[in-house]
Amino acid sequence: MSYILETRGLTQVYGAGTPFERTALDHVDIQVEKGEILGVIGHTGSGKSTLIQHFNGLLKPTEGEVLLNGRSIWDEKGKCSRKTRFEVGLVFQYPEYQLFEETIAKDIAFGPTNMGLSESEIKTRVAEAMDFVGLDPSMAGQSPFALSGGQKRRVAIAGVIAMRPAVLILDEPTAGLDPAGRDEILAQIRDYHARTGATVLIVSHSMEDIARMADRLLVMNQAHVMLCGTPREVFAHAEEIVAAGLDIPEITKVIRELNRRGIPLDPSIYTVEDAVRAIRAYKEGR
Amino acid sequence: MNHSEIIKTEGLTYAYPSEDGTPKLALNGIDLSIARGAFVAVLGHNGSGKSTLAGHFNGIRLPSGGKVWIDGMDTADPDKLYEVRKTCAMVFQNPDNQIVSTIVEEDVAFALENLGVPPAEIRRRVDDALKAVDMYEFRRHAPHKLSGGQKQRVAIAGVIAMMPRCVVFDEPTAMLDPAGRREVMRVIRELNRRFGITVVLITHHMDEAVQAGRVVVMHAGRVLMDGTPREIFTQVDTLREARLTVPQTIEVLFDLNNQTGSDLPIDALSVSECADTLEKYLKR
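Sequences listed follow chains A and B, in order.
If you read the first sequence in our numbering, its first letter stands for residue 1, the second for the next number, and so on.
If you read the second sequence in our numbering, its first letter stands for residue 1, the second for the next number, and so on.
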């Protein structure tokens, strides 16, 4: 089995040799399958942001390797190829603060322009990316700074999508948005995934959101991978997750409370839909 | 103004200037009264006007029309502005934007030094404030080495060292992880219960709003709903129209009723209340 992204013994030490030396990643082995949606969770300082920065070469491993399509992203001369940056698109937290151009179209065109694409190709990419994030074509000439926070964020995401990355990584894409805004952005990411077949990594603190989105979850804790598997497999380890400063969905807590009261429902349920289904089946089965 | 209320707005309107000259109405006639010692959560989708409203509570914004009184003081009176800000303090979303010093206790002392409080008094208030947010043992640490939840608690300590009667929190947990959120919410509850500080909490998290005594829902610059968490969160359809969600503990009961035609009470604000209702239903 070949993986699109892989780390082998990846280790990152900050401030090596100083009194502030801290190991952010400690011999981490991760495999990301082509075309999956992988949710990455972990408390602040667990190493997850360090990990995603390694995926497109923003950090250089202290030790170990990062492989993209089976090849190290760092060459013999110790350089990260520009191609990696285009193939692995990284959307940072609060990306709306990184907008800088006069118009929405110019801002989105920044990445494709750096790739050296032709003018007509850039136009196509910009239009396509705006469509993906639900921005009306008539807005192309507007200043991005006159938009609402939620719309600015879409422009920023479009700027990365326009490079058509094989791997799209989003760090907390829904932070600070209202529930409807959260649902919209997540639906657009899901749609982008379905239409392009791209591999998507989402970092989130919202267990409810990530449980609904991801095929698999990766739980980081204290510079190590604590758990990795389907949401069902991961949320079955409720106590460990809470002890690691994280949380499980409210509905999973309700089911587990019912378990304690002698009602044997599946303790790994993590969506309201599944919970209603299981409750009805139990009621009708009696 | 009634003596029992600390915040009062009357016919409050606020218009943002816009490029084409037509002002955009962010608040459209708000009449609100918040009692001394209350814990009020304000919900609303992005752009509903809730942060604009919060800005009026300590004079960051001044009304385009109508009035805002803080502890009886008109916020539009320039002579009162200083007192208004001392009475009603604010804590913002991003802790990194609110920390100014390189040592925790100096950061907490910053405002007190500016206010010219005597050194011995500063010492006492800083210690008390850090103990109140459970950060006393970190008093000599560098803020940038702390976790998000810890930093936000330092920012809160800096505010309560000024001994305000009211604190407005504008999405204080939006940038925090679940453990950080739990820490900050615990501190907010404590400030309200133990110290009697009036709390106005602007949030997108329904599980936080549930912890308040009163919930105000903003929509299109107006107050759409106003009541106890139990009254508000059982109106699932109205909330959804306002682009909000309900806690999963209520959603599951609401959906179950809809699908099975049952008549279960849906006002479960906690996991155990939800489990109580479901246990009765399943063992019936």
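Mixed in with the good hints there might be a few duds.
DSS-like, lysine-lysine: derived pairs with alpha carbons at most 30 Å apart [to be verified]: (1) A:K106 - B:K283; (2) A:K253 - A:K283; (3) A:K253 - B:K283.
Chain B regions said to be covered by chain A (calculated; three or more residues, Cβ under 8 Å) [said to hold, decoys possible]: (4) 38-47; (5) 71-82; (6) 99-110; (7) 129-141; (8) 147-157; (9) 253-264.
Just so you know, these hints were derived from the structure itself, not from any lab.
The beta-carbon is built from N, C-alpha and C at its ideal position, and this holds for glycine as well.
Violated constraints from the hint list, given by number and in increasing order: Hints 1, 5, 6, 7 are the ones this structure does not satisfy, whereas the remaining hints hold.
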